[in-house]
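Undergrad: Here are the chains, one letter per residue:
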Amino acid sequence: MHVATYDEALAVARRLPLAERLRLASALTGEAAGEVSPVPHRMTPDEARAALADIRAAFAAQPGPRLSLGEQIEADRHARDRVLSGRDGERDDVDA
Amino acid sequence: MRVTVCCLAVMGSVTMWTLDASVVARSFDVNDPAQAVCLALLDRLDRTAAPVIVPRLLLAELAGAVRRLLQDPIRARLAVEAWQNLPHVQFVTLDDALLDAAAVLAADRALRGADAVYVAVAQRYTTTLVSLDREQRTRAAPVVTVMTPHDALATLDA
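Here the protein sequences come in this chain order: W and B. The opening residue of the first sequence carries number 13 in my numbering; numbering runs sequentially from there. The opening residue of the second sequence carries number 4 in my numbering; numbering runs sequentially from there.
Each hint should be verified, as a subset may be incorrect.
[Said to hold, decoys possible] Taking beta-carbon pairs under 8 angstroms as the criterion, some of the chain B residues facing chain W (in silico):
1. Gly67
2. Pro90
3. Arg115
Simulated from the structure, these hints should not be mistaken for laboratory data. The structure presented is a predicted model; accordingly, all values stated were derived computationally and were not measured. Think of the CB as a built atom: it goes at the ideal place given N, C-alpha and C, for glycine as much as any other residue.
Bound conformation, chain W alone (with noise of 0.2 angstroms):
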């Protein structure tokens, strides 16, 4: 099959009527706008703070008792900790 090259599309397209070449500009410009990505939607200051509420809003609804988020993270240091130092007490996956 031969596979036209830009420029070979491009003076196809221009010997078209008016209408035509239209036509073809909108349906490729359609095309193409649907494969572009869409810009991601960067949170604003004011909708960053209110999802950090929310956040908070999520613990105090959280039933207890359990850890608390600070408690959490100095569990997950101090774990890290003991593994470096082969003093966590548990098997290791050396032989895994």
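Fit chain B to the supplied structure of chain W, relying on the hints for placement.
TA: Frame of chain W; chain B shown alone:
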């Protein structure tokens, strides 16, 4: 418009802050006894547009903790996105020089690896490191200015 980290570094008369992940995380959780002071500090820094410079590592620590406690991956991602869009907060990429500095600090000051990264950021940008972790504060004190959230709030009030 965001101020770049390189510009912040030369703002000699402005106190700049580095927040440990413990301070940021504990501001979320009303069950935490430190929540009120952490939230008050973050609000004050936000309202006064005080420059906050933190390692990008904070985002992963925050996301992991939110995900694990709330069992909610969407809110964990939202926490990350929200923090990334606070205009007074700058995230520092962990480049080779910064990680090398953190390694030296961990070796010399007996800091845990993640703790040393925050200290290295505070050292590089001459910021005040705010942490709830007593061990981190004690071991970092010889090389950077360290404060509790309560002390930081008092400083901002003064």
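Undergrad: For the hint on Gly67 (chain B), does the least C-beta distance to chain W fall short of 8 angstroms?
TA: Because about 7 angstroms separates Gly67 (chain B) from the closest Cβ in chain W, which is inside the 8 angstroms limit, the hint holds.
Undergrad: Holds or violated: is there a CB of chain W closer than 8 angstroms to the CB of Arg115 (chain B)?
TA: 5 angstroms, holds
Undergrad: Classify the hint on Pro90 (chain B) as holds or violated, based on whether any CB of chain W lies nearer than 8 angstroms to its CB.
TA: Holds - the Cβ of Pro90 (chain B) comes within 8 angstroms of chain W, reaching about 5 angstroms at its closest.
Of the numbered hints listed earlier, not one is contradicted by the structure.
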